[in-house]
Amino acid sequence: MGNAIREKTIHGIAASSGIAIAKAYRLETPDLAAEKRAVADVEAEVARLEAAVAKAKEELEAIKQHALEKLGEDKAAIFAAHLLVLDDPELLNPIKEKI
Numbered sequence: 000m001g002n003a004i005r006e007k008t009i010h011g012i013a014a015s016s017g018i019a020i021a022k023a024y025r026l027e028t029p030d031l032a033a034e035k036r037a038v039a040d041v042e043a044e045v046a047r048l049e050a051a052v053a054k055a056k057e058e059l060e061a062i063k064q065h066a067l068e069k070l071g072e073d074k075a076a077i078f079a080a081h082l083l084v085l086d087d088p089e090l091l092n093p094i095k096e097k098i
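Residues in the sequence shown are numbered consecutively from 0, following numbering that gives the first Met the number 0.
The reader is advised that the hints may include incorrect statements.
When the alpha-carbon atoms are kept at most 30 Å apart in a straight line, the in silico DSS-like pairs for lysine-lysine are as follows [unchecked claim]:
#1 22 to 35
#2 95 to 35
#3 22 to 7
#4 74 to 22
Beta-carbon label-pair distances, calculated as ranges [claimed, not checked]:
#5 56 to 18: 41 to 49 Å
#6 20 to 73: 25 to 33 Å
#7 85 to 20: 35 to 43 Å
#8 38 to 74: 37 to 45 Å
It is worth saying that the hints were derived from the structure and are not from the lab.
The beta-carbon is built from N, C-alpha and C at its ideal position, and this holds for glycine as well.
Take these sequences, add in the hints, and give me the full structure.
Shown next, in the form of C-alpha cells:
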C-alpha cells in the first residue's frame, strides 16, 4: 500500500477569476481580549510601556535595515512608517492616560 493522498476542500471567496495553484493561508481572528485591572505603581507601568515601545522600535529598525539590504529602499519604507507610528503622541498619550 502506497502513501494515501489526503484531500481537504476549503471554501472561500475568490480574489480573482481563474485557477491558481499556491499555498493557502487560513485567516484566524486573534484573541485581543484585555484584562482591566488596577495599577498600583503608575510610574512603573508607564516606564514598562515606554520600555516596550523602545524594544519595538529597536526590532523594527533591525527589520527595516534587513529589508533595505535585501529588498531596497521602496520596500523598507513601510517599516520607517511603522517607526513613525511608535513616535506618535496621539497614539501613546491616550494609553498613558488610561494607565
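Original post:
So which hints don't hold here, by number, going up?
Top reply: Hint 1 alone not satisfied by this model.
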